[in-house]
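Engineer: Work out the full structure, taking the sequences as your base and the hints as a guide.
Take a look at the letters that make up each chain.
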Amino acid sequence: MNNEQHDAYRIRQVLNHGLADIPPAAARRLEAARHLALDRQKQEAPQLALAGVGGRILGERTHFPALLRGFARSGIDFARFKPLLAIIALLTGMWLSFYWHSVQYVEETEAVDSALLTDDLPPEAFADREFIEWLKDDSSAQ
Amino acid sequence: MAQRRLLGSIIAGLLLVGSVLAEPPTSVLIGTPPQPEWVALSPAQQNILAPLAKDWNAMDSLRRKQWLGLAERYPDMAPDKQRRVKERMREWGRMTPDERTQARNNYKDFKQLPPNQKKAVKEKWKAYLSLSAAERQRMREEGKSTELLMLMPPTETVAEETRAAKSAPPGPSP
Numbered sequence: 001m002n003n004e005q006h007d008a009y010r011i012r013q014v015l016n017h018g019l020a021d022i023p024p025a026a027a028r029r030l031e032a033a034r035h036l037a038l039d040r041q042k043q044e045a046p047q048l049a050l051a052g053v054g055g056r057i058l059g060e061r062t063h064f065p066a067l068l069r070g071f072a073r074s075g076i077d078f079a080r081f082k083p084l085l086a087i088i089a090l091l092t093g094m095w096l097s098f099y100w101h102s103v104q105y106v107e108e109t110e111a112v113d114s115a116l117l118t119d120d121l122p123p124e125a126f127a128d129r130e131f132i133e134w135l136k137d138d139s140s141a142q
Numbered sequence: 143m144a145q146r147r148l149l150g151s152i153i154a155g156l157l158l159v160g161s162v163l164a165e166p167p168t169s170v171l172i173g174t175p176p177q178p179e180w181v182a183l184s185p186a187q188q189n190i191l192a193p194l195a196k197d198w199n200a201m202d203s204l205r206r207k208q209w210l211g212l213a214e215r216y217p218d219m220a221p222d223k224q225r226r227v228k229e230r231m232r233e234w235g236r237m238t239p240d241e242r243t244q245a246r247n248n249y250k251d252f253k254q255l256p257p258n259q260k261k262a263v264k265e266k267w268k269a270y271l272s273l274s275a276a277e278r279q280r281m282r283e284e285g286k287s288t289e290l291l292m293l294m295p296p297t298e299t300v301a302e303e304t305r306a307a308k309s310a311p312p313g314p315s316p
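Protein sequence lines, in the order shown, are assigned to chains L and B.
Note that the numbering used here gives residue 87 to position 87 of the first sequence, counting from 1, and the numbers run on in steps of one.
Just add 142 to the spot in the second sequence (first one is 1) and you have the numbering used here.
Just so you know, not all the hints are guaranteed correct.
Claimed, not checked - Covered stretches of chain L, as calculated for chain B (at least 3 residues, CB under 8 Å): (1) 109-119; (2) 122-133.
As the list claims (entries may be wrong) - If the Cβ cut is set under 8 Å, some of the chain L residues that face chain B in the computed set are: (3) W95; (4) F98; (5) Y99; (6) H101; (7) S102; (8) Y105; (9) V106.
Everything labelled a hint here was simulated from the structure, so no lab data went into it.
Beta carbons are placed, not taken as given, at the ideal position from N, Cα and C, and that holds for glycine.
Structural biologist: In structure tokens, the structure reads:
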């Protein structure tokens, strides 16, 4: 490792030494190429990071299914699907909550309905707003 | 960004409030899975729910689920109650959701009454039904509901309430 660092240091020194001799046209081309490379790196950074993590986690030595390893190596941009996955998870959670609410509501109304439909008084009596209000007013006035 | 979040929160809040206030709540309608069409019901279910055959396919999933629940309870009911359920099924099914909700709430209140008051309400309803629409309106505007009991032959349980309702002092006893 020390040798590698030393070599890298030497190469950098040599390159820096040669900077003064680079013609202006070549310097401009190098600058343009550097900008281009940086732009591409910015776009691909998330994909490379995820693919790298996936590659490490789902490497050849692991026992994960080949399909998952294939996904990881294929470099699919999971970051792009994150908002979609979050929305799907949110909607699923909401639906489960609504489903539970529905089960409770149906149980409660079933119990009342079965008693109401079998009572001596018909449902029309309890649905007759004017009759019921009249009874209530009358009893409260007494 | 903050404004969008605030707007989103307000919309979500309004949806939640609307969902709670509506009857049946919107969340319940969304959370009820699809229920079978009439032809997919078992012969036993079709027999019990026969009065609803024509209306079944037009019902939403929630109503179908409620009726299927009632059909499950049906075999455990006494024969006279089974007859009542079948007689009242169609009319109950054709009420609006608001009417059914109101009827359920009134019924819950009614169940809290002591037995003698329940009996009085039943007698009043019978007398009320015997009146024409115009007479009902006149009674509601001018009289008390206890006057309805005077239209009926007094029974043991309501006789006391009937006597109390009479404004005239009792006549001399023979």
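Engineer: Are there three or more residues in the stretch 122-133 of chain L whose C-beta lies within less than 8 Å of some C-beta in chain B?
Structural biologist: holds (count 10)
Engineer: A closest beta-carbon separation below 8 Å is what the hint needs, so does H101(L) meet it against chain B?
Structural biologist: holds, 5 Å
Engineer: So, F98(L) near chain B? Judge it on the closest CB pair being under 8 Å.
Structural biologist: holds, 3 Å
Engineer: Using Cβ atoms only, decide whether Y99(L) comes closer than 8 Å to chain B, and label the hint accordingly.
Structural biologist: Holds: closest Cβ of chain B sits about 4 Å from Y99(L), inside 8 Å.
Engineer: Can we keep the Y105(L) interface hint, with Cβ of chain B closer than 8 Å?
Structural biologist: holds, 5 Å
Engineer: Does the CB of W95(L) sit less than 8 Å away from some CB of chain B?
Structural biologist: With a minimum Cβ separation of about 7 Å from chain B (threshold 8 Å), the hint on W95(L) holds.
Engineer: Verify the interface restraint on V106(L): the C-beta must sit less than 8 Å from at least one C-beta of chain B.
Structural biologist: holds, 5 Å
Engineer: With 8 Å as the cut and Cβ atoms as the points, is S102(L) at the interface with chain B?
Structural biologist: holds, 4 Å
Engineer: If you look at each residue in the stretch 109-119 of chain L, do at least three have a Cβ nearer than 8 Å to any Cβ of chain B?
Structural biologist: Coverage by chain B holds for the stretch 109-119 of chain L (10 residues, Cβ < 8 Å).
When each numbered hint is compared with the structure, no violation occurs for any of them.
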